[in-house]
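S.K.: Residues per chain are reported as follows:
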Amino acid sequence: MLWGILAIIALAALFGLLLGLASVVFKVESSPVVDQIDALLPQTQCGQCSYAGCRPYAEAIAAGEAPINLCPPGGENTVQALADLLDVEVLPLEEEEEAHEGPIVAVIIEELCIGCTLCIQDCPVDAIIGAAKQMHTVIESECTGCELCVPPCPVDCIEMVPIKQTITTWHWPEPQYDVNHTPTGNIFTTIDQLLAENAHP
Amino acid sequence: MSISTHIQRLWSFPGGLKLDGRKQLSNEGPIESAEIPRLLEISLSQHIGHPTEAVVKVGDNVKKGQLIGHAEGTVSAPVHASSSGTVTAIEERLVPHPSGLPALCVIIETDGYDRWDNCTPLISLDDPQHKNLHALSAEQITDKVAEAGIVGLGGALYPSAAKLETARKKATDTLIINAAECEPYITCDDALMHNRPEEIILGILLIKKIVGARYCLIGIEDNKPEAFKALSDAIAGYERAIHEHCEQTIEIIQVPTRYPAGGEKQLIQVLTGKEVPTQGLPMDIGIICHNITTAATVYQAVYRGEPLVSRIVTITGGAIKKPQNMEVAIGTSIREIMDQAGWDKNKVDKIIMGGPMMGFALPSIDVPVTKATNCILVSEPGELATPPPAMPCIRCSRCADSCPMSLLPQQMYWYAKARDLEKIHDYNIFDCIECGCCSYVCPSNIPLVQYFRYAKNEIWDDERERNKANLARERHEFRQERLEKMKKAREEAARLRKEKLAKKKAEEKQKAAGGDGEKSPASSHADLIQEAIARSKAKKAQQQAQKRNTENLTEAQQRQVDEAEQRRRGKH
Chain A
291 MLWGILAIIA LAALFGLLLG LASVVFKVES SPVVDQIDAL LPQTQCGQCS YAGCRPYAEA
351 IAAGEAPINL CPPGGENTVQ ALADLLDVEV LPLEEEEEAH EGPIVAVIIE ELCIGCTLCI
411 QDCPVDAIIG AAKQMHTVIE SECTGCELCV PPCPVDCIEM VPIKQTITTW HWPEPQYDVN
471 HTPTGNIFTT IDQLLAENAH P
Chain B
15 MSISTHIQRL WSFPGGLKLD GRKQLSNEGP IESAEIPRLL EISLSQHIGH PTEAVVKVGD
75 NVKKGQLIGH AEGTVSAPVH ASSSGTVTAI EERLVPHPSG LPALCVIIET DGYDRWDNCT
135 PLISLDDPQH KNLHALSAEQ ITDKVAEAGI VGLGGALYPS AAKLETARKK ATDTLIINAA
195 ECEPYITCDD ALMHNRPEEI ILGILLIKKI VGARYCLIGI EDNKPEAFKA LSDAIAGYER
255 AIHEHCEQTI EIIQVPTRYP AGGEKQLIQV LTGKEVPTQG LPMDIGIICH NITTAATVYQ
315 AVYRGEPLVS RIVTITGGAI KKPQNMEVAI GTSIREIMDQ AGWDKNKVDK IIMGGPMMGF
375 ALPSIDVPVT KATNCILVSE PGELATPPPA MPCIRCSRCA DSCPMSLLPQ QMYWYAKARD
435 LEKIHDYNIF DCIECGCCSY VCPSNIPLVQ YFRYAKNEIW DDERERNKAN LARERHEFRQ
495 ERLEKMKKAR EEAARLRKEK LAKKKAEEKQ KAAGGDGEKS PASSHADLIQ EAIARSKAKK
555 AQQQAQKRNT ENLTEAQQRQ VDEAEQRRRG KH
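Protein sequences appear in the order of chains A and B.
Residue numbers for the first sequence follow the working numbering, so the first one is 291 and each next one is one higher.
Residue numbers for the second sequence follow the working numbering, so the first one is 15 and each next one is one higher.
Warning: the hint list may mix true and false statements.
As the list claims (entries may be wrong) - Below, in silico cross-link-like pairs of lysine-lysine (DSS-like), each with a Cα-Cα straight-line distance of 27 Å or less:
id	chain 1	residue 1	chain 2	residue 2
1	B	Lys499	A	Lys423
2	A	Lys454	B	Lys77
3	A	Lys423	B	Lys71
4	A	Lys454	B	Lys482
Simulated from the structure, these hints should not be mistaken for lab results.
The shape of chain B in the complex, shown without the other chains (with noise of 0.2 Å):
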């Protein structure tokens, strides 16, 4: 496949929607920096995979980019002190979590100085020739990228560090940087792009050495004109650079469009016509995809050695006053974002984190903002609309229609209600992207999507609790046998010692017997001496095969044992 085909054409995906986007809310103006709030509550799990572990304690004073939670495990990501200040506690708190379920969390006070860690960067930023990008090994860029705890900002939050690895091994060779952000609402990445398209370049140079891969693609929807023409124009301007670094260039390719292009599946076979396999990763075809604020995020770790502590969120909703994006530190409330962008108690219906397809309702407005918040979605009555009470299944098919999988949600959905998991799981429910396309649809206002989350937590739920029982059984059957065992040994113990008795007690008869004068003393004596010659007689003969490494001896061994026996007589 060459890089031309790419341009030349595009294919697309099933399914998906038109949408009415309503991203010119947040999308323009500059990226105002929110301001550090007096407590920040940091979360100890912010990503996919085992939580971290706290490495402060109470009363530690911290500085901005300080690593407060050590990662454990292959996934996990480290957690950085966003912030200077002093550790006031380490407990749990609530967190946007559509579960309302509180997570550990460190909560710093903050002193208002905001005052950097030692900051190691692994490139200078002043090499405009970007000659120092050649001394850089791959390993050293995935250890600053683990260190910096970087996670997948596209809202996968898998450890990056992880994933380049994997990829590293495998053969990679398309990168896909993914700047579609496809859902309504959300305009984070596309102001990244306005503001700092250098930086992201940049970064994606930086994960194409990690990787490998020759051809790089960035996707975007065609939405966002102004950040194609931006980031167009910070390649053309590191033109050098790239040329000196890959042998094909870095192409943007605008993408119609449509929901859900964002998704990684979907943005791959719109951009090079190749299908992920059922139930595997890009990566089983040669492909590795990443958000384009993980790529920036990447450079930032790299040319500032800075870890993630901060990230663009996109504060917007009817009910805001001024909605904008925000560089906001992590960990601050969004009730504090909230206020800083305006808000209208009398107007607010929603307040949704992500956007109205794929987000979820907050528990609580203070709460922290994760690595995953991209976007704070305060709504208007009117705006969103709640759905009305769900209606039985007309098998109108809309739902398989919509469906950018080419699933079947409407027999998946049969299935989840009557919890036949070993069916739904036959229908290929783990391909299911959860995009709520199938919702959004449904005439009969079914909520599909919450049937497929439900259905597939239930499956890993079964499986959980089915290694469990084997775990369990395995230990009874080990014990049983144990148990088992210990009883012969004591059996067989006890048979011995009846034994040895039983013996003992018919000697002792024998000797009383003997003592009547059936045997005379004098012939047990003979028989017992006899005895003792047939031992010593044994004993010699044993000692002499144990002297059989002396014999066969060469001439030179036979001297030197010679020499040794006179030595020893010598000494005596």
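The shape of chain A in the complex, shown without the other chains (with noise of 0.2 Å):
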């Protein structure tokens, strides 16, 4: 009896002391859910969500004091990929006053640009070149289409403009799953489509 009891103990130590020092070997470093937020979100640092860019937002969620749906430029994408990683129901997105299609950058028109430096000071990626009294302009592959640029123009010569769709960039639409709809995302264009309006562009 004494010796079943001791053998027992005995062994619960053991694997008591297995998988505390297992806990201590194998720990996953995960990634502070700060970090995992900020991967999230979009970086256009925009500060439409009413923080200073992109990683105080994502500092507010992860203490609880910021909703998920205030980032705009990520759309309801980035509001579902917080949701299933805060583990929380999914919001419905916050609109602005006016939503953009696709995605936006800003170009400047060289003719007004007075070279005042007011723009290069406010971009949040460092994206427009220029110098004083010198023309500026955008660099578009760096540009994240944030707007922040636009009111401190003093001759408003900074237009946002849609990145223009082409052929490399085009991707297949989602098929429509619909019973009155023909569900090939194919385009079996009707012959009497083809010959006539878009026969010449």
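Make one complex out of these two single chains by using the hints.
M.R.: If you want it as structure tokens, here you go:
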């Protein structure tokens, strides 16, 4: 009887020790939740969430101070991803007054630019090059379309334009799963359409 | 693996379909040359990779074969004028692409003379012994292939020179020439084999020379007996040349007709029994695969010096009066070749570029032929089934049975619908060759391939966006850091200024206090003198320290120094 109890106790102690050791040795290093949230945000640094940038917003979400639906550039996919990460309910996106269709970039109208450098100072990702009294220009590949450069311009020479879709950026649409719709994503255009309006672009 | 095992045994690939080939519509008769149209629209991006940059201006006179689009970067292929004439515009025009979006094209008004630019062949044609082939290096041939703008004409459109270059660097022991042409209706490769088998064989010798492959296999479906015979005869005819340049002969092997036997990975599996690793390339298992038309184009570039300016196009379907194969100048409008083959407007149902399985409906018939255009299929009503509306998936798993890549289309479909991109990636969506077998067999008519194309594009898009976000984050953090640094530097400067000012003030105060007579001016004067003496001592000590290098001189060095000193003195 006594030996039995002792043996069980010894075994329990041994396994306890093993488990304790394993939890130390094989500890999974997970990146802090702020980093994980920050990785999901689109990094436009636009401040539309009312925070100073994506990182501060991530910190606010992690601290439970901000809801997950304040990021218009990220759109619904970001809200979904954040909800998955934090295991919270998906909230409808809080829309600003106007939302743009698709990605946009800033373009400086060169004839109007007076070289005041105000936009350069406000660009969160250093995507504008230029110097005092020299014409400025936007590096398109670096621009996040945050629109922060638009208000400071004294001559209103910055325009936000949608990025043009080309053959290389185009992608297949989601097939329509609808009984009333021919479900081929393949555009089986009818002959009348083919021969009519788009015959000559 | 010896070559004899190839002949003794054929392997097979999973899934696949027996399809009604309908190739007899167009596979008889010679290759007609299509007329050169009045206007050619030559797209500047006809390949996978960077679009080319136009090197001609509006108003320039160009000759056939003249470079008009310069290749940018390593994965790119130049574009050439396909007839002589005048450039009338360089602008965006509709091109044959499923998106229906325009792309930059060079428009040439032809002069009707069809005059060639200077063509410089690497090997002259009057060399019956093919001795000159020995003198050519692999680099020379590869350069010529790159210069000629040759891309994978089996449909991949990957620049051939880049592919050959990679294969040459890796150990590639088997060259497989794809002559299977498994998709229904299409017979352009078949016609080429009938009519120009010698060009193909010589092209294969050139490719073999570049990659240094030991074995060479031509895989052809057994529904093309005449092409098989023509090629076999050509191999026999060139036996001496082949013997001289290869240790092994070129084997031509008939494979069972089953769609998609002409898929690169499927053909490799049938011929060698090897499977290309997931998300890998045939080169990973020592194999390179080229289309038969690509081989013939390599021949044209090397033996005739002609760049890729035309291709054979099958024009077929129930609404075409005289289905046939035509040699068409790239840039010719599809309407022109339809007109030449004759078509009945009232009978037209669908106009598809490519075959019925993998092709896409054209956005318009006023689009130009590109390097990718292998077939124009103009069907009549009832010829090709329009899929009825999709019904829910009943999990019958017929799609999985038909998949030649052994994927699980029904699972991938659910994940594509739910936009669970990570999961669909785990199901190896990037191994999908988009052959369309799963959609074809689906009893619920679910457009599975379209879902997979959509999912692939979404994954690429996501990746692009993530990369962009990472770049933006990096730049933002760098900027924050820079601003922080600048702020610190400013504060530091302000602090230093303040300190200096305070010191100065304190000194002035001291001076003022000194004037009051606390310290005698004499004593402060004596202090100053002491300080000056100390400074001059320190300076002397430093100078002496600097002179150290004249100590420990050898005798010869000392003499030199003395002589120099004397010369200096003598001059003064």
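S.K.: Now tell me if each hint is right for this structure.
M.R.: Results of checking the hints against the structure:
1. B/Lys499 to A/Lys423: Given pair B/Lys499, A/Lys423 holds - Cα atoms ~25 Å apart, limit 27 Å.
2. A/Lys454 to B/Lys77: Answer violated: A/Lys454 to B/Lys77 is near 34 Å, above 27 Å.
3. A/Lys423 to B/Lys71: Distance of about 35 Å is beyond 27 Å: violated.
4. A/Lys454 to B/Lys482: 17 Å, holds
Hints 2 and 3 from the list above are not met by this structure, while the remaining hints are.
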